[in-house]
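For any residue, its number in our numbering is found by taking its place in the sequence shown, counting from 1, and adding 158.
If you are wondering where the hints come from, they were derived from the structure by calculation, not from laboratory data. Check before you lean on any hint, since a few could be wrong.
What follows is a list of derived Cβ distance ranges for each label pair [to be verified]:
hint: 1; residue 1: 214; residue 2: 257; range: 31 to 41 angstroms
hint: 2; residue 1: 191; residue 2: 244; range: 11 to 21 angstroms
hint: 3; residue 1: 230; residue 2: 176; range: 34 to 44 angstroms
hint: 4; residue 1: 176; residue 2: 255; range: 37 to 47 angstroms
Glycine included, every Cβ here is placed at the ideal spot set by N, Cα and C.
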Amino acid sequence: MEELITKGAVTVGYETSWGERVRLAVCADRYERGGAFALLALDATDPGDEDEFLELWCSLTVNLPGDPVASAWCSEEGHVVLDANNVPAVLVEALVGAGVVELAGRSVRSGFCSYPLAGVPQDVLERLRGYEETVRALASRAG
């Protein structure tokens, strides 16, 4: 696994379509509607960048409580629907490659998009923290 746990946070690195190497810290949350598990990515690339460091990079997941398949899938702890509409495929591949998520081989459709179902392995679930705890852990070690 690529540097999965660093400085007290679950992280993953990937290269953007414009060639920039980015390190993201993954943190856990819950959707208000339906209570499904959610994954957020924070920019953990450069502790010296006061404008971007630990800012929200993106939501890695979507909430589809009205879809019966997605709703049933997400009723299990650590099960998510990845946001393939807004998250680049290369980032999804990096998350899978780093062992942060495991694709289920199934997807759900909403509108014109197909969203893959995925699970967060138990060992990663145990290390994931919420937004505030992730920010505190990385900020305290950054400077």
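Status of each hint after checking the structure:
{"no.": "1", "hint": "214 / 257: 31 to 41 angstroms", "in the structure": "violated, 23 angstroms"}
{"no.": "2", "hint": "191 / 244: 11 to 21 angstroms", "in the structure": "holds, 18 angstroms"}
{"no.": "3", "hint": "230 / 176: 34 to 44 angstroms", "in the structure": "holds, 38 angstroms"}
{"no.": "4", "hint": "176 / 255: 37 to 47 angstroms", "in the structure": "violated, 20 angstroms"}
Violated hints, listed in ascending order, are 1, 4; each of the other numbered hints is respected by the structure.
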